[in-house]
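J.: Taking the hints into account, I'd like the entire structure generated from these sequences.
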Amino acid sequence: MANEDLIHTSVAELSALLGERKLSPVELTQSYLNRIEALDDRLHAFITIDAEGALAAAKIAESAIANGKRIGPLHGIPMAVKDQMDARGLPTTGGSSILNDIATADSTVVGRLREAGVVLLGKLNLSEFALGGSIKHPYGVPRNPWDTDRQPGQSSSGSGIAVAASMCAAAIGEDTSGSIRGPASWCGITGLRPTWGRVSRHGILPMSWSMDQAGPMTKTVEDCATVFAAIAGYDPHDAYTSHQPVPAYKSLESLKGLKIGVIRESMGDGMVDSEVQQQCEEAVVAMRQAGAEVIEVSIPLFPQGGLISNGVADADAAYVHRERLAAHSAEYDFATRRRLLAASLMPAHLYQKAQRFRVIMRRQVMAALESADVLVTPSQSQPAPLIATDTGLDSKDAVMRQFFGIRAHRGPFNLAAVPAMSIPCGFTNAGLPVGLQLVGRPFDESTLFQVGGAYQAHTDWHTCRPSL
Amino acid sequence: MPDLTPEEIGALLVSLGLPADPTDLPEVAHRVNAVNEALSVLDHPDLDTTEPASVFWLKEEG
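Sequence lines, in order, name chains R and G.
In terms of my numbering, the first sequence opens at residue 1 and continues consecutively.
In terms of my numbering, the second sequence opens at residue 1 and continues consecutively.
If you are wondering where the hints come from, they were derived from the structure by calculation, not from laboratory data.
Incorrect hints may appear among the rest.
[Unchecked claim] Here are the computed lysine to aspartate or glutamate pairs in the DMTMM-like style, where the Cα-Cα straight-line distance is at most 25 Å: (1) Lys396(R) - Asp21(G); (2) Lys259(R) - Asp238(R); (3) Lys396(R) - Asp24(G); (4) Lys396(R) - Asp43(G); (5) Lys396(R) - Glu8(G); (6) Lys250(R) - Asp460(R); (7) Lys353(R) - Glu37(G); (8) Lys353(R) - Glu51(G); (9) Lys250(R) - Glu323(R); (10) Lys353(R) - Glu8(G); (11) Lys353(R) - Glu265(R); (12) Lys396(R) - Glu293(R); (13) Lys259(R) - Glu296(R); (14) Lys256(R) - Glu296(R); (15) Lys136(R) - Asp41(R); (16) Lys256(R) - Glu281(R); (17) Lys136(R) - Asp390(R); (18) Lys256(R) - Asp444(R); (19) Lys250(R) - Glu52(R); (20) Lys396(R) - Glu51(G); (21) Lys136(R) - Asp149(R); (22) Lys136(R) - Glu331(R); (23) Lys353(R) - Asp46(G); (24) Lys353(R) - Asp43(G); (25) Lys353(R) - Asp3(G); (26) Lys396(R) - Glu7(G); (27) Lys396(R) - Asp3(G); (28) Lys353(R) - Asp48(G); (29) Lys259(R) - Glu293(R); (30) Lys136(R) - Asp24(G); (31) Lys136(R) - Asp397(R); (32) Lys136(R) - Asp21(G); (33) Lys22(R) - Glu52(R); (34) Lys69(R) - Glu52(R).
Quick caveat, the model's predicted, so the values are computed rather than measured.
T.: Here it is, written out as structure tokens:
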């Protein structure tokens, strides 16, 4: 297989070839750089491309592997990270024209990737300051590789595009209220939001201190597990990282003995597009055929997930941005600015109320996870919409329609601090990807990987690539 | 809670030292009024006996 074709394969396949010295890290890196050069003017996945640094790292990896000093499965694998995370020597913009400082040190996530031998291709586009909802993008409007008139999802838009369009072998995104799972769903890839506390936040621009969580975005579940193992674990620079061990990935042939809980409130009129629902229901049938027992579970507060999640996260973000917003308001995208200004006015008693509802949501999610090993819902309520040129928020009702019910599907799980992963499960009639969200118990990413991996062993949605 | 007008929103923003561009105020008002209304009507029997928390695993791991 030519290198130009190899870039479309999984990390696992590339890693095997690199380990056997049938593939050169330098040639592989150059192939991805060629792909970026060919596509990025159309897709706007990257903010910074570090060709020189990537080729230098690839040469070091090549030499080490040739000398029998292969570090592990990611050694020589070209990846990219959301431009919310510091990478020494490169600017961190946060997708904003306000920031452009060169990072003097790596974020913990980037440092761990480098320790694993990853070749860093560059930094990826995102919604301004990772808030989501941006209209203007100073580094180019990110476009969905499956239909370039449509959104790739926010806020880890560049990460979703780059993996789906094979502009890197894998990427890192960040998810506060759905920013990994959303782009993964709309771009047709796999994306994991780990348990909060699994992955260090050190060196990552913050939005909501108690929900921000970085995670892998990859072509397959197996790749997701491999990247997760490299970046997860306790970090003395982040007091809220856990000492829980990160277990190795073990694949399952069958789902026999596992219970899959379909969340009743996540389906039906007003909650999800009919084509999305159909694809997700067919995925559940495939899991049943793979041996799983399927049951229905209830999370009564589920439809309020978007409201509560946005209530908490936006108020946290308003605090983070209070000084910058006062000093640089005109330099913000107007949608970001209006969102932050509104959140700045949230009454204290309502913030307290949202935090109490967060605890109630956690109880309901945990109760559902006592009945089932893994919960499933659609990752997004609808397929990727057209790229917006305005917010469309011309009334109170428009805000409620746009921000509450249809944003409910991911919020409950970042509120509950449990792991959640989006995997591709089909396409709409218009050829747009649909994602299924798998939700697990705290620190039990392993079961998510096993269920998702078994599903991908029985289906081929994850092997579909956009025509570009 | 009563809806706030764009003018009232502008005054609140100024009081916090935040920008109050007139072109932003109608949408900011819609956003504020929507969140205030939706959270105000949300209720649960356990609400007042539930203490807020943000970090769950620390308590669970001991």
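J.: Verify the proposed pairing of Lys396(R) with Glu51(G), using a straight-line Cα cut of 25 Å.
T.: Not OK: Lys396(R) and Glu51(G) at ~30 Å, beyond 25 Å, violated.
J.: Is the Cα-Cα distance between Lys259(R) and Glu293(R) 25 Å or less?
T.: With Cα atoms ~5 Å apart, Lys259(R) and Glu293(R) stay inside 25 Å; holds.
J.: Take the C-alpha atoms of Lys136(R) and Asp21(G), compute the straight-line distance between them, and say whether it is at most 25 Å.
T.: holds (18 Å)
J.: Does the alpha-carbon distance linking Lys136(R) and Asp390(R) stay inside the 25 Å limit?
T.: Roughly 9 Å between the alpha carbons, so the hint for Lys136(R) and Asp390(R) holds.
J.: Verify the proposed pairing of Lys396(R) with Glu7(G), using a straight-line Cα cut of 25 Å.
T.: The hint holds at about 16 Å.
J.: Does the structure keep Lys396(R) and Asp43(G) at a Cα separation of 25 Å or less?
T.: holds (20 Å)
J.: Mind checking the alpha carbons of Lys136(R) and Asp397(R) for me, to see if they're no more than 25 Å apart?
T.: Holds, at roughly 24 Å.
J.: Straight-line Cα separation of Lys136(R) and Asp41(R) no greater than 25 Å?
T.: Cα-Cα ~16 Å, so holds.
J.: Take the C-alpha atoms of Lys136(R) and Asp149(R), compute the straight-line distance between them, and say whether it is at most 25 Å.
T.: Distance ~15 Å between Lys136(R) and Asp149(R) Cα, so the pair holds.
J.: Holds or violated: Lys353(R) and Asp43(G), Cα atoms, limit 25 Å.
T.: Measuring from Cα to Cα gives roughly 9 Å; hence the hint holds.
J.: Holds or violated: Lys22(R) with Glu52(R), Cα cutoff 25 Å?
T.: Holds, at about 23 Å.
J.: For the pair supplied as a hint, Lys136(R) and Glu331(R), confirm whether the alpha-carbon distance does not exceed 25 Å.
T.: holds (11 Å)
Checked against the numbered hints listed earlier, the structure breaks hints 2, 9, 12, 19, 20; every other hint is satisfied.
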